[in-house]
Amino acid sequence: MQRMKIRHLEEINCKMKERDLLLFRSQFSDISLLLHNRTFSLSRSHPEEYLAQKVDIMLERITGGSDGLGELVNCINKHFDNVLVRLKDDIPNMTTVDFKMFCYYCIGLLPEQIYPLLGLNNASTLYLRKKRLSDKIKALGPDHSDLYLALLNPCHV
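In this text, residue positions in the sequence shown follow this note's numbering: the first is 1, and each later residue adds one.
These are computed hints drawn from the structure, not numbers from a lab. No residue lacks a Cβ here, since even glycine has one placed at the ideal position from N, Cα and C. Be aware that a few hints might be false.
No more than 27 Å apart at the CA atoms, straight line, and that leaves these computed lysine-lysine pairs for BS3-like [said to hold, decoys possible]:
id : residue 1 : residue 2
1  : Lys5      : Lys17
2  : Lys78     : Lys136
3  : Lys17     : Lys88
4  : Lys88     : Lys138
5  : Lys131    : Lys17
6  : Lys15     : Lys136
7  : Lys15     : Lys131
8  : Lys131    : Lys88
9  : Lys88     : Lys78
10 : Lys15     : Lys78
11 : Lys138    : Lys78
12 : Lys136    : Lys88
13 : Lys130    : Lys78
14 : Lys17     : Lys78
15 : Lys130    : Lys15
16 : Lys130    : Lys88
17 : Lys130    : Lys17
18 : Lys5      : Lys131
19 : Lys17     : Lys136
20 : Lys5      : Lys136
21 : Lys15     : Lys5
Ranges of calculated distance between the beta carbons of each label pair, as one might list FRET restraints [claimed, not checked]:
id : residue 1 : residue 2 : range
22 : Leu128    : Val85     : 22 to 30 Å
23 : Gln2      : Asn74     : 38 to 46 Å
24 : Met4      : Asn93     : 41 to 49 Å
Hey, can you work out the whole structure from these sequences and the hints?
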């Protein structure tokens, strides 16, 4: 009987985590949509880059320019109990590109949006980086890796 109650509570907890992550990511959906529109606008060679310039200004919120991630790090840390601080402690040699990639996956950006933000050539390079980071995270053990993997892989929650 106790096991059934525990299992039921674990299922409820898992569903709550899923909803919490979806709610957190929803606040960045407008940026994702604007990034998509910017890419579309630039790919169609519109003479006016007005849309792209406006989106670039809005993207400063998450990209913060070449030296940081804008308000994104503080937002993620605040919402997920300093998860990025713990991640850096657990993987101290993580590259800046991998850290930014992790943050962009946290907020739910799509791979085709992430790799240009990171300055990568293609999605394949992004997937390889993500796989390597996932492997490092899995090596940390379940006590540390569950939340990291949930943020890096939305279907993992």
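Okay, the hints, checked on the actual structure:
| no. | hint | result |
| --- | --- | --- |
| 1 | Lys5 - Lys17 | holds (18 Å) |
| 2 | Lys78 - Lys136 | holds (24 Å) |
| 3 | Lys17 - Lys88 | holds (22 Å) |
| 4 | Lys88 - Lys138 | holds (15 Å) |
| 5 | Lys131 - Lys17 | holds (23 Å) |
| 6 | Lys15 - Lys136 | holds (26 Å) |
| 7 | Lys15 - Lys131 | holds (25 Å) |
| 8 | Lys131 - Lys88 | holds (18 Å) |
| 9 | Lys88 - Lys78 | holds (15 Å) |
| 10 | Lys15 - Lys78 | holds (21 Å) |
| 11 | Lys138 - Lys78 | holds (24 Å) |
| 12 | Lys136 - Lys88 | holds (12 Å) |
| 13 | Lys130 - Lys78 | holds (23 Å) |
| 14 | Lys17 - Lys78 | holds (15 Å) |
| 15 | Lys130 - Lys15 | holds (25 Å) |
| 16 | Lys130 - Lys88 | holds (16 Å) |
| 17 | Lys130 - Lys17 | holds (22 Å) |
| 18 | Lys5 - Lys131 | violated (35 Å) |
| 19 | Lys17 - Lys136 | holds (23 Å) |
| 20 | Lys5 - Lys136 | violated (34 Å) |
| 21 | Lys15 - Lys5 | holds (15 Å) |
| 22 | Leu128 - Val85: 22 to 30 Å | holds (26 Å) |
| 23 | Gln2 - Asn74: 38 to 46 Å | holds (41 Å) |
| 24 | Met4 - Asn93: 41 to 49 Å | holds (44 Å) |
Of the hints listed earlier, those the structure fails to meet are numbers 18, 20, in rising order.
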